[in-house]
Every structure is written in C-alpha cells, then in structure tokens.
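Chemist: This is what each chain is made of:
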Amino acid sequence: MQGHPDVVVVGAGVIGAACAEALSAAGLRVTVVDRGAPASGTTAAGEGNVLVSDKEPGPELELAKASRRLWPELLAGLAEEIGPQASEAEWEPKGGLVVATGGESAAPLADFAAGQRAAGVRAEEIAPDAAFDLEPHLTRAVTAAVHYPDDAQLQPVLAAAALLAAVRARGGRVRPGTEALGVERTAAGGVAGLRTGAGTIPCGAVVNACGPWSGEFSAAAGAPVDVRPRRGMVLVTAPLPPGTVRRKVYDADYVGAVASDGADLQTSTVVESTRAGTVLIGSSRQRAGFDDTVRVDVLRAVAAKAAALFPVLARVPVMRAYGGFRPYAPDHLPVIGPDPRLPGLWHATGHEGAGIGLAAATGRLLADLFTGAPPVLDPAPFRADRPALTAEAVS
Amino acid sequence: MSRETARVAVVGAGPAGLAAARAAAAAGAGVLLIDSEPAPGGQYLRRDALADAAGTARRDRATALPAGTEHLPDTSVWAVEPAPGGGRRLHLRTGPADAPGRRGRTVDAAALVLATGAHDRALPFPGWDLPGVFTAGAAQALAKEQRIAVGRRVLLSGTGPFLLPVARSLIGAGARVAAVLEAGEPVTGWLRDPAGLAAGTGKLGELAGHLALLARHRVPYRPRTAVVAAHGDGAVRAATTVRLDPDWNPVPGTERTVEADAVCVGFGFTPRTELAVAAGCAMAGGFAEVGAAQATSVPGVFAAGELTGIGGADLAAAEGEVAGAAAARLLGFAARPPLRALRRVRRGRRFAAALAAAHPVRPGWQGWLRDDTLVCRCEEVGRAELVEAARARQAVGTRSLKLATRVGLGPCQGRICARNAAELVGDPALADGFARRPIAAPIRLGELAEDPRTAAP
Ligand SMILES: Cc1cc2nc3c(=O)[nH]c(=O)nc-3n(C[C@H](O)[C@H](O)[C@H](O)COP(=O)(O)OP(=O)(O)OC[C@H]3O[C@@H](n4cnc5c(N)ncnc54)[C@H](O)[C@@H]3O)c2cc1C
Ligand SMILES: Cc1cc2nc3c(=O)[nH]c(=O)nc-3n(C[C@H](O)[C@H](O)[C@H](O)COP(=O)(O)OP(=O)(O)OC[C@H]3O[C@@H](n4cnc5c(N)ncnc54)[C@H](O)[C@@H]3O)c2cc1C
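Same order as they appear, the protein sequences are chains Y and C.
In terms of this note's numbering, the first sequence is residues 1 to 395.
In terms of this note's numbering, the second sequence is residues 1 to 457.
These are computed hints drawn from the structure, not numbers from a lab.
There may be inaccurate statements among the hints.
Here are the computed distance ranges between Cβ atoms for each label pair [as the list claims (entries may be wrong)]:
#, chain 1, residue 1, chain 2, residue 2, range
1, Y, D291, C, D451, 50 to 58 Å
2, Y, A107, C, P100, 46 to 54 Å
3, Y, P242, C, C412, 17 to 25 Å
4, C, G291, Y, T139, 49 to 57 Å
5, Y, A119, C, C412, 18 to 26 Å
6, C, P246, Y, G289, 47 to 55 Å
Owing to the predicted nature of the structure, the values given are computational and were not obtained by experimental measurement.
Glycine is no exception: its CB is placed at the ideal position from the N, C-alpha and C atoms.
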C-alpha cells in the first residue's frame with residue numbers, strides 16, 4: 001500500500017476486524033494494529049452465538065437484529081471476494097430454544113417473548129412436547145419453551161480472520177505485535193497519528209477497538225471511556241454423536257444474568273454443539289478484574305446447570321475450560337461512534353457478552369458514520385458522549 | 001476436604017516424587033503422595049516383569065514408601081487453584097479415568113511438590129497414524145508391565161540415550177529389534193566427551209551395558225538415520241528408513257524399505273506442565289522455573305524432576321530430595337540441608353544441558369511429511385492444511401492457531417501435536433500456550449458438577 005493509512009484500527013478482535021472490513025469496503029485505506037495476535041483476545045475466548053433471543057426490546061436488540069441480517073450477507077460477499085476457504089466461518093443459522101424448568105420462570109419467559117415479538121423478533125412459544133421433538137435429550141423438567149428460528153452461530157476466530165483477510169486483500173495492513181500507546185495531535189487538537197511501540201503511524205483517524213482494554217487505551221489517548229472486564233468461562237466436551245444437541249439451548253434464567261449488574265458469580269446455561277461435534281457450555285459472569293485464575297466453583301456451577309438441562313451430558317468428558325473478559329460499559333450498551341472530545345478518535349467497544357453477534361452491524365454503523373452515509377440504524381443510543389460513559393470515567 | 005498443614009502434598013510418584021516423599025518424611029513431615037498410576041515408580045521405576053530377582057528387589061527398595069505416607073494411587077489431580085486460607089487447593093479423582101463412580105476429594109496443601117514428569121515426543125511422518133506405531137515410552141511400559149512386545153520385528157527411531165533401554169525391554173519381552181535408528185550423532189560420542197559431562201552420573205556404564213546387549217543380539221545401531229514413513233494396509237508392515245544430513249534432511253538415494261510390524265519413536269520429551277501452569281508458576285523454555293531449593297515462583301509450590309528439565313532418573317530423584325526437604329522446612333520441620341543431593345543436582349544439570357545440546361530435534365524432520373500427513377490426529381489436521389490455514393488466517397498466537405486450524409482442540413489437547421504444529425508454522429514458542437489446560441486430566445461433566453465436599457465419601 002502506498003502512503004499512510006486513512007484510519008488505524010486498534011485491536012484485531014472481531015469488532016476491530018468488522019470495523020476495518022467495513023471501512024476498507026467503503027474505500028478507505030486501513031491499517032489494523034494489535035499488541036498480540038489477531039483474534040487472540042476476547043474473540044478467541046467466547047462462544048459464537050449470534051443471538052436475538054436474549055435481548056429485551058431496546059437499542060441492543062435493534063443492533064442485534066441488524067447484525068443478524070448483515071452477517072450472512074457479509075460472509076457471502078467475502079466468499080466471493082476472497083474465496084470460500086479464506087472466508088469460512090462455520091455460519092449456522094440453527095435456531096435457538098429457550099426453556100424454563102421451574103414453575104416460576106415460565107410466565108416471565110412468556111412475557112419476555114411477547115415483548116420481543118412486538119419488537120419484530122420471531123419468538124414462537126411451543127409446548128414442552130414440541131421442545132422434546134426439537135431436542136430429544138432435553139430434561140423432562142421443562143415447563144415452557146420458546147423457539148427462536150433466527151438465532152445463529154459462527155466461529156469467532158474464523159470470522160475475524162476472514163474479515164481481516166478481506167482487509168489485506170484490499171491493500172490494508174494487519175500488524176500483529178504492535179501496541180498502541182496513545183495518539184499524536186494536530187495543532188488544532190485532532191488526531192495526527194497513532195503512537196505505537198514500533199513508532200508513530202501518521203493517520204487522520206484512530207478507532208479504539210481494544211475490547212476489555214478499551215478503557216486503558218482511551219485514557220492513554222486522552223479521552224477516557226469507561227469500559228471494564230467481566231470474567232466468563234466456557235466448558236468444552238469431547239465430541240459427541242451428531243444430534244445430541246441440535247440447536248442452541250438456554251435456560252430461561254439467561255435473560256436475568258445478561259441484564260444484571262451483580263458482581264457475584266452468575267451462571268446462565270447455554271448449550272450448543274459445534275461443527276466438530278464438541279459441545280460448548282457457557283457461561284459464567286463475574287467481576288474479577290483481569291484475574292485469569294480458573295476457579296473450580298465457577299466451572300462446577302456451569303457444569304451443574306448444563307447437566308440439569310441435558311442429563312445425558314453428565315457422562316460426557318469435559319476436555320477443556322477457557323475464558324475471557326467481556327468488555328462492558330456501565331449501562332451495558334456498546335460504544336460506537338466518534339469521540340467529540342478528540343476529533344479523529346472513534347470508539348467501537350463495550351459489546352460485553354454479545355460482540356461476536358453484534359460485530360457485523362457495529363462495523364457497518366461505524367463506517368456509515370465515518371463516511372457520512374445514512375446509518376444502518378439509529379446511532380444515538382451508542383454515542384460516546386452519553387453521560388453514563390464519561391461521568392464514571394472521570395470520577 | 002482435608003486441610004493439610006502438617007503434611008507435604010506430592011503430585012507424581014516417579015523418581016522425583018518418591019524422593020521428595022522420602023526427604024519430607026525423613027524430616028518428620030507427613031506426606032500425601034498422589035499419582036495417577038496404580039503403582040508407584042513413574043516412568044523409570046515401573047513394575048518390571050522382565051527384571052531378575054536382584055532387579056526386582058532394587059525396584060522394590062526404590063519405590064518403597066516411607067512411613068507416614070498416604071499414597072493415593074489411580075488418582076489424578078485434575079485442577080489446582082488458590083486455597084481460600086492460603087496454599088493450593090488440589091482437586092482429585094480416584095479410579096480409572098473411563099470408569100464410572102470415581103471418587104472425588106479436595107485437598108488444601110500449604111506445601112506442594114509437583115513432580116509430574118514428562119512424556120516422550122513423537123514426530124509425525126507418513127504412516128505414523130497407523131496401528132503399530134508407538135511412542136518409545138508406551139512400548140517400554142507394555143514390555144515392562146505386561147511382558148507384551150508391541151511387535152515381532154520392531155524398529156526404533158528417535159534421538160538420545162533413552163532409546164537404548166527401550167530396545168533392551170523389547171528384546172526382553174521377546175521382540176526382534178530390527179534396528180535402533182538415532183537421528184543425530186551416536187550417544188557414545190558425547191558421553192565420552194573429555195569434559196566429563198557424564199562423569200559420575202553412572203550413565204556411561206548404563207549405556208555401555210545397553211549397547212553390549214544390542215551387539216549380542218546383533219541389533220544394528222545406526223546414527224544419522226530415521227524412519228521417515230511407515231507402510232501397511234490397516235497396520236504397519238514395513239517402514240522406509242533414510243540417512244539424514246546434520247539438519248535431518250533425508251539424503252537422497254539412501255532410502256531403504258525395512259520389514260517391521262511395529263515402529264517405536266522417541267524424539268526427546270515434553271514436560272507435563274499443566275498443573276504448574278495452572279498454579280501460576282513462572283515457566284522458562286517450556287519447563288517450570290525453579291530456584292536453588294526447587295522452589296517455583298509461587299510460594300509453597302516446589303517442582304522437581306522432568307517438569308523442570310530433562311536429565312534422567314538420577315537428576316529427577318536428586319531434585320525430588322531437595323524439594324521434599326524444602327517443603328518440609330516450609331511446614332516448620334527441621335530438615336537437614338540435603339547437601340549431597342544438591343551436588344547431584346548440579347552434576348545432573350550439567351549432564352542435562354549436554355544431553356539437550358547433543359540431541360536437539362533438527363528442523364529437517366518437517367521435510368519427512370507429505371502434504372496430507374496428519375499433524376493433529378485427534379482433529380485430523382494435515383500438514384498442508386495446517387500451514388495454509390495458519391498463513392491465510394494470520395494465526396500468529398496460540399489461541400488463534402488452535403481455533404483457526406483446529407490443531408490441539410481434540411482429546412489430547414495438543415499434548416502430542418503442539419510442539420510439532422508450532423514448529424511447522426514457524427514459531428516454536430507458540431507451543432507454550434498449549435500448556436494452559438486448567439482441566440489437567442479428563443473429567444466427566446457430572447463429576448465436575450458434583451461438589452466432593454457434599455458427595456458421599
Ligand atoms: C466466556 C465468554 C463467552 C462469550 N460468548 C459470546 C457469544 O456466544 N456470542 C457473542 O456475540 N459474544 C460472546 N462473548 C463476547 C465476545 O467474545 C466479545 O464481546 C467480543 O469478542 C469482543 O470483541 P472485541 O474485538 O471488542 O475485543 P477483543 O477480541 O478482546 O479484541 C481486542 C483486541 O485489542 C487488542 N488490544 C488491546 N489493547 C491494545 C493496545 N493498547 N494496542 C494494541 N492492541 C490492543 C487486544 O490484544 C485484543 O486482540 C463471550 C465472551 C466471553 C468471555
Ligand atoms: C522410554 C524411556 C526410557 C527411559 N530410560 C531411562 C534410563 O534408562 N535411564 C534414566 O536415567 N532415565 C530414563 N528415562 C527417563 C526417566 O524415565 C525419567 O527421567 C524419570 O522417570 C523422571 O522422573 P519424574 O519423577 O520426573 O517423572 P515420571 O517418572 O514421569 O513420574 C511422573 C508421575 O506423575 C504422574 N502424574 C503426572 N501428572 C499427574 C496428575 N495430574 N495427577 C496425578 N499424577 C500425575 C505420572 O502418572 C507419573 O507417574 C527413560 C524415559 C523413557 C520415556
């Protein structure tokens with residue numbers, strides 16, 4: 001590539017990759033830097049759920065719906081551009097099934113689904129028997145179930161790698177092992193370049209896509225946003241015969257944990273099989289800073305709920321456990337857009353437990369705002385200068 | 001759950017763990033010795049059905065447990081984490097891995113010795129996934145414990161001195177050893193080194209004995225040679241051997257087809273580091289880093305034996321003795337400084353360094369593979385697929401390498417393939433990240449779900 005990039009994206013996770021892809025598709029010259037390896041941060045630590053089922057009506061659901069629509073188009077476009085192999089992301093629109101196992105959670109689940117239907121989500125209440133037809137190994141303790149045909153999954157590392165491959169194919173650069181340290185400013189106070197461990201990269205704009213480390217980088221850049229880590233763990237079983245778990249199956253208490261604020265350990269069960277035959281069991285939520293010590297009580301809680309949902313899994317060996325840090329903002333909404341305090345600085349972060357699913361629409365929205373195109377959805381709820389973000393950051 | 005404040009917990013009952021138990025007991029400490037094998041001894045001191053009466057008596061003495069030791073055989077430590085009151089909490093399961101009804105237990109240890117050893121390294125080549133290809137260690141275990149020879153006509157291929165005792169065990173179990181192929185320089189050369197690197201380790205005499213036995217059985221010992229392909233329809237019937245240049249590239253025109261129904265490979269060792277990594281111990285070059293008293297970077301955690309470096313059973317035992325004494329001292333017992341053991345450790349480390357320098361794995365092995373030769377057998381990832389996927393997806397970190405190529409995601413969790421895969425994609429350091437396996441041994445979801453503190457004893 002000739003000359004300097006127009007934009008440097010900091011962070012090569014799925015969010016940075018999606019932003020870089022969308023910006024390069026809009027014709028901008030893009031460089032992506034990551035202090036580690038691409039797609040090795042939170043993006044390699046989560047599951048690949050692309051969900052509409054777990055979100056209550058509101059801005060995040062709108063972003064999720066847009067992203068659910070965009071992902072298959074985006075992947076199909078990449079397949080044409082860089083070939084089916086490089087763009088392979090194991091996309092599976094397999095649908096989700098949310099089940100209530102106690103008498104108490106049946107009514108809230110029905111209410112929740114009704115609200116989502118009003119917001120345009122396909123949420124089909126089905127009888128327990130119909131749920132057993134969909135998932136023969138499901139516990140018979142199910143009292144209510146909602147089927148979400150539009151829930152899907154993909155493999156996050158492959159997806160991020162495909163997006164970045166497209167950026168490279170268009171002449172952009174991806175620079176692993178390059179840490180962003182701050183920004184250089186013009187006389188007028190705007191972004192003049194990105195300072196990195198390997199020298200300054202002159203550019204007109206910088207996108208902060210540092211995931212759970214976004215708070216740190218934005219502070220170093222001089223425009224702090226309040227994004228913090230929330231620890232999560234996932235279990236992976238040995239490969240099982242096909243059909244043991246067919247969809248993405250959740251306990252109805254998922255919804256409670258996603259929206260909740262508690263610091264204590266929470267677990268909500270999501271059980272899904274991958275193309276390799278393994279079953280992923282997620283996940284826990286805990287505020288523990290960046291402490292990555294694996295706690296057995298956390299694994300135990302996740303395992304116990306999964307075994308309750310699918311009793312057949314109790315006999316299955318667990319091969320590994322892994323985890324990461326979900327990036328969250330105080331109001332649990334992503335931050336997408338320009339930072340008015342520092343012209344040329346943009347944020348795309350704070351996607352908490354849904355960044356894989358939300359990446360496609362996030363990249364598009366950021367590029368729309370950047371180029372002045374009509375935005376794919378209303379950007380106002382995600383703006384970087386909303387009080388919830390900066391108020392806590394300065395305190 | 002037991003809270004161990006007066007006992008030293010030792011994981012691994014090989015030469016290192018046994019020596020640690022003995023030293024701790026000698027200082028007056030109680031010992032909890034946890035080992036996944038049914039009998040103490042580890043890799044080196046296995047029950048040996050081939051040994052004569054004197055050998056058996058020697059082994060029995062070497063594996064005898066000191067008074068005051070509680071030995072938990074068939075027990076794996078599947079996780080380690082910080083204990084709430086300080087020290088480490090070990091999570092145990094007792095019983096064969098695939099059997100139902102394994103018992104769970106947790107132990108909080110204020111002083112912990114990790115002596116988890118190593119397993120031997122196999123290099124891939126076309127046909128290495130055929131039945132009939134074994135690691136040298138597995139073949140030796142079968143021969144020693146059950147008098148079972150892995151084949152009637154066996155080829156050994158690898159590097160380093162520990163191929164020779166395997167040949168001896170195989171001969172003892174009734175196999176005909178077609179040849180012992182050393183990919184590097186002959187062991188006889190560097191062991192006779194004038195610097196006296198092997199002096200006093202007893203290694204020279206041991207190996208001379210092995211070589212004499214090979215000569216008596218007319219087993220050729222061929223340096224700079226390796227098996228580079230195994231052939232057979234459903235099982236090994238023959239193998240291609242070839243001469244190697246100093247970088248282990250095959251020398252064209254030197255291929256030979258050798259009839260054999262088993263091939264045993266051993267290209268050095270890979271330490272079992274998952275517990276050390278999970279405990280937070282600092283690592284160096286893939287091994288647990290230790291100070292003078294075998295202390296790791298984590299207070300209260302000691303490491304000994306092949307977990308800290310590859311140097312044979314004597315070094316492992318010497319390190320174990322130092323670690324056991326230090327662990328007992330930490331608990332307030334008046335352990336005498338193990339001066340002799342410390343000397344043996346120093347000498348052993350010189351030998352270990354010379355061993356590593358004399359028998360490196362050279363990069364030419366990568367040329368033995370065809371495009372479709374599997375690197376990761378669990379997930380069936382072939383060489384070309386691996387290299388191409390890593391390149392196309394810029395998988396330059398361990399996590400992205402695993403998820404972008406599937407290598408190391410299967411049941412072995414990279415124990416067999418991680419180093420090979422990392423070297424094939426051009427960054428050997430990537431192998432280190434595979435050692436992060438918080439679930440250190442297989443456990444069923446139902447076992448994981450149950451709280452051993454509330455489960456029936
Ligand atoms: C257990 C768990 C399960 C999850 N399950 C799902 C799920 O099913 N579906 C879903 O949609 N989401 C899920 N998530 C959430 C999802 O993984 C995240 O929202 C998403 O990966 C965030 O992506 P990111 O690109 O913002 O962050 P990251 O992937 O963390 O990327 C940030 C990158 O920035 C780099 N970086 C940071 N600081 C600097 C710097 N100063 N200079 C250079 N580079 C820097 C880092 O190295 C990193 O690579 C889960 C998360 C967890 C932990
Ligand atoms: C084929 C072969 C031939 C050899 N020949 C010789 C020789 O002739 N001379 C020589 O000096 N050396 C020889 N060696 C090397 C020798 O075996 C080692 O140096 C020695 O065994 C190392 O002792 P250790 O105590 O460190 O480990 P090991 O002997 O390997 O013992 C480790 C023990 O820890 C247990 N363990 C590991 N993880 C766990 C866990 N999570 N939970 C519970 N238990 C666990 C293992 O099951 C094992 O029993 C040979 C090795 C091999 C493979």
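Chemist: The structure should be examined with respect to each hint, and the outcome stated for every one.
Modeler: Going through the hints against the structure:
The given range of 50 to 58 Å is broken by D291 of chain Y and D451 of chain C, whose C-beta atoms sit roughly 23 Å from each other. Between A107 of chain Y and P100 of chain C the CB atoms are about 39 Å apart, so this pair departs from the stated range of 46 to 54 Å. Here the CB-CB span from P242 of chain Y to C412 of chain C is close to 22 Å, well matched to the stated 17 to 25 Å. Distance hint check: the CB atoms of G291 of chain C and T139 of chain Y are about 52 Å apart, consistent with the given range 49 to 57 Å.
A119 of chain Y and C412 of chain C have their C-beta atoms about 46 Å apart, which leaves the hinted 18 to 26 Å range violated. Between P246 of chain C and G289 of chain Y the CB atoms are about 50 Å apart, so this pair conforms to the stated range of 47 to 55 Å.
Violated hints, in rising order: 1, 2, 5; the structure is consistent with all others.
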